[in-house]
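Colleague: Produce the entire structure from the sequences given, and follow the hints as far as they go.
The residues making up each chain are set out below.
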Amino acid sequence: MTTFLFWNTNKKPVVEAIAALVKSHVVDVLILAEFSTPVELLERINQPGKAGFHLTFGLSKGIVVFTRFSSQFVHPVYETDRISIRRLTLPAQLEILLALVHFPSKLYWSGDSQAIECTELAREIRTQEENAGHNRTVVVGDMNMNPFEPGLVSAAGLNAVMTRDLAGRRSRSVQSREYPFFYNPMWNHFGDRHDGPPGTYYYERSEHVCYFWNIFDQVLFRPDLVNRCPSDGVRILTRAGDRSLLSEDGTPNPRLASDHLPLLFELDL
Amino acid sequence: MPNGNENLWPADVGTSTIVPPLAILRRQAVALGERTQGLLEGQVETLTERGEFTQVFYVVAPSLSYRYKLFEVRHGVEGYPAYPDKWDRTKRPVVQLKLDTPEKLAEWLKDTLASDETKRVVGSLLSQVKA
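Here the protein sequences line up with chains A and B, keeping their order. The opening position of the first sequence corresponds to residue 1 in our numbering, with each subsequent residue numbered one higher. The opening position of the second sequence corresponds to residue 270 in our numbering, with each subsequent residue numbered one higher.
Calculated directly from the structure, the hints in this document are not laboratory data. All of these numbers come straight from a predicted model, not from anything done at the bench. There could be a bad hint or two in this list.
[Unchecked claim] Beta-carbon label-pair distances, calculated as ranges: (1) B/Glu376 with A/Glu248: 52 to 58 Å; (2) B/Glu386 with A/Ser171: 33 to 39 Å; (3) A/Ser70 with B/Glu347: 49 to 55 Å; (4) A/Arg169 with B/Gln397: 38 to 44 Å; (5) A/Phe212 with B/Glu347: 46 to 52 Å; (6) B/Ser396 with A/Leu256: 36 to 42 Å.
[Stated by the list, open to error] Here are the simulated SDA-like cross-link-like pairs (lysine to any residue), alpha carbons at most 25 Å apart as the crow flies: (7) A/Lys61 with B/Thr381; (8) B/Lys388 with A/Leu59; (9) B/Lys388 with B/Pro371.
[What the hints assert, rightly or not] Not the full set, but computed from the structure, chain B residues with beta-carbon under 8 Å of chain A: (10) Tyr335; (11) Arg336; (12) Tyr337; (13) Lys338; (14) Val390; (15) Ser393; (16) Gln397.
Idealized CB from N, CA, C, for every residue including glycine.
Modeller: Below is the structure:
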């Protein structure tokens, strides 16, 4: 299994928490948004004299990627300030495309603008899949949208559906145009019927529509990768080592760490 | 009165001398290749939707099979006004610029290509290509 961890750290000093997460979950690919001290982190997680983590090349200011293996195996092919699409080519493993995203907040972009940006991302992913010659793509990041919003579910957007069965149909047709599916396992993480938290981001405001818990941090898989992720292979984390990332009321504690919770997922490549 | 057999198009149709946004951007795309001895290239991709054109400007590193989206410029079929768009890292609401003429677009483009952000992208990519 290859283990991936994504966390929007909200520019908080969370090096110790990241080090604890990397160690306890044996993370192979560490993806951080809003993180500004990569050198300090490398010094903390790499022990002298031992092969350790590498900071990979990339020009997206909002996203940094560290790998337990040589950075040459994570090759960026397309980037903007907030998107980084990379080819992950590990020896003797299936190549995949990693589309890493940190979309603008709803404080500054309307839902319509976010949705249109998703269509641009979907278009670029299809271009890179054509270039790569396969459809094994993982989208991961802070979408600043919930899984049920138009940017995620619309056909021309990311076309991300809530079950493996639906994703197994591979694509759907609208107005004679074919749109490939993503599977969005984050739907499983809403509510309180499971062990984990009800979302990755908590937001409470005195207005008529308020979800309280949101799942802005998401991972999506193309159908070709769905069976390579175990059914319990995606987790929202609430602890970093012996330290809770939550306040007493069970919501993310922005004073202790980030206002987002980390996302861990595994893939059998 | 025309009988329908002659050419009814006016003599001055299609003779506009206004330089369209695409031509201005393409010139700078070529210029990047000249400035970097071909190590990097500019690329302009045209998208059309609902009668609106979007010209997307990329910096491309052919030897790395890599491209970076630097900015985009939207305009209608007339070409002007043109509306440049960039992601705003500051998170402040972006004030939409309106460029009414080719000269104003060229002026904005000169500032953008000389910006710290463009220099960061081009400089980092050149270092990577030469490594």
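Colleague: Next, verify each hint and record whether it holds.
Modeller: Hint by hint, here is what the structure shows:
In this structure the supplied range 52 to 58 Å holds for B/Glu376 paired with A/Glu248, their Cβ-Cβ distance being about 56 Å. In this structure, B/Glu386 and A/Ser171 meet the distance hint of 33 to 39 Å, their C-beta atoms being roughly 37 Å apart. Take A/Ser70 and B/Glu347: their Cβ atoms lie about 52 Å apart, and the range 49 to 55 Å holds. Range check, A/Arg169 to B/Gln397: about 40 Å between beta-carbon atoms, so the 38 to 44 Å window is met.
As the Cβ distance of A/Phe212 to B/Glu347 is approximately 48 Å, the hint placing it in 46 to 52 Å holds. Taken as a hint, the range 36 to 42 Å holds for the pair B/Ser396 and A/Leu256, whose Cβ atoms sit roughly 38 Å apart. Between A/Lys61 and B/Thr381, the direct Cα distance comes to roughly 17 Å. Compliance with the 25 Å bound is thereby established for this hinted pair. A hinted pair counts as satisfied when its Cα atoms are at most 25 Å apart, and B/Lys388 with A/Leu59 qualifies at roughly 12 Å.
A hinted pair counts as satisfied when its Cα atoms are at most 25 Å apart, and B/Lys388 with B/Pro371 qualifies at roughly 24 Å. A cut of 8 Å between beta carbons decides the hint on B/Tyr335: the least distance to chain A is about 6 Å, and the hint holds. The interface hint given for B/Arg336 holds, since its Cβ lies 6 Å from the closest Cβ of chain A, which is under the 8 Å cut-off. For B/Tyr337, the interface hint holds, since its Cβ comes within 8 Å of a Cβ in chain A; the closest pair sits about 5 Å apart.
With 8 Å as the threshold, the beta carbon of B/Lys338 comes within range of chain A, its nearest partner Cβ sitting at about 4 Å, so the hint holds. The restraint placing B/Val390 at the interface with chain A holds, with a minimum CB-CB distance near 6 Å, inside the 8 Å limit. Taking 8 Å as the C-beta contact cut-off toward chain A, the hint placing B/Ser393 at the interface holds, the least distance being around 6 Å. A distance limit of 8 Å between C-beta atoms decides the matter here; for B/Gln397 the minimum to chain A is near 6 Å, and the interface restraint holds.
Consistency with the previously given hints is maintained throughout, with no hint failing.
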